[in-house]
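So the mapping is simple: our numbering equals the position in the sequence shown, first residue as 1, plus 258.
Certain hints may be false.
Pair by pair, the computed Cβ-Cβ distance ranges are [unchecked claim]:
1. 279 / 300: 28 to 34 Å
2. 269 / 294: 32 to 38 Å
3. 293 / 269: 31 to 37 Å
4. 263 / 295: 42 to 48 Å
5. 287 / 260: 37 to 43 Å
6. 296 / 269: 36 to 42 Å
7. 287 / 262: 34 to 40 Å
8. 274 / 296: 27 to 33 Å
9. 261 / 285: 31 to 37 Å
10. 299 / 261: 51 to 57 Å
Source of the hints: derived by calculation from the structure; they are not laboratory data. The beta carbon of each residue, even a glycine, is placed where N, CA and C say it ideally should be.
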Amino acid sequence: MQPAEFTEAYMRFTSFLYENRIWYGGAGALILLIVGLWATRRP
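Let the hints inform the model, and build the full structure from the sequences given.
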């Protein structure tokens with residue numbers, strides 16, 4: 259694999275993550291919220 263191809267693939271991957279950051283952030287916040295509620299309700 260050539261360095262140029264790797265750079266192009268990396269840029270495409272990072273742009274994909276950047277475009278979907280809202281979904282990942284929302285999912286992470288939801289998981290933290292559920293874990294926090296579960297931890298506080300434990301006896």
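Hint by hint, here is what the structure shows:
The hinted range of 28 to 34 Å is satisfied by residue 279 and residue 300, whose Cβ atoms lie roughly 32 Å apart. Checked against the given bound of 32 to 38 Å, the beta carbons of residue 269 and residue 294, roughly 36 Å apart, stay inside it. Judged by the Cβ atoms, the range 31 to 37 Å given for residue 293 and residue 269 holds: they are separated by roughly 34 Å. Between residue 263 and residue 295 the C-beta distance comes to about 46 Å, which sits within the given range of 42 to 48 Å.
For residue 287 and residue 260, the Cβ-Cβ distance of about 39 Å falls inside the hinted range of 37 to 43 Å, so the restraint holds. Separated by about 39 Å at the C-beta atoms, residue 296 and residue 269 satisfy the suggested range of 36 to 42 Å. The hint said 34 to 40 Å for the Cβ distance between residue 287 and residue 262, and at roughly 37 Å that hint holds. Checking the proposed 27 to 33 Å range against residue 274 and residue 296 shows it holds: the Cβ atoms sit about 32 Å from each other.
A C-beta distance of roughly 33 Å is found between residue 261 and residue 285, which places it inside the suggested range of 31 to 37 Å. Against the hinted window of 51 to 57 Å, the Cβ-Cβ separation of residue 299 and residue 261 comes to about 52 Å, which satisfies the hint.
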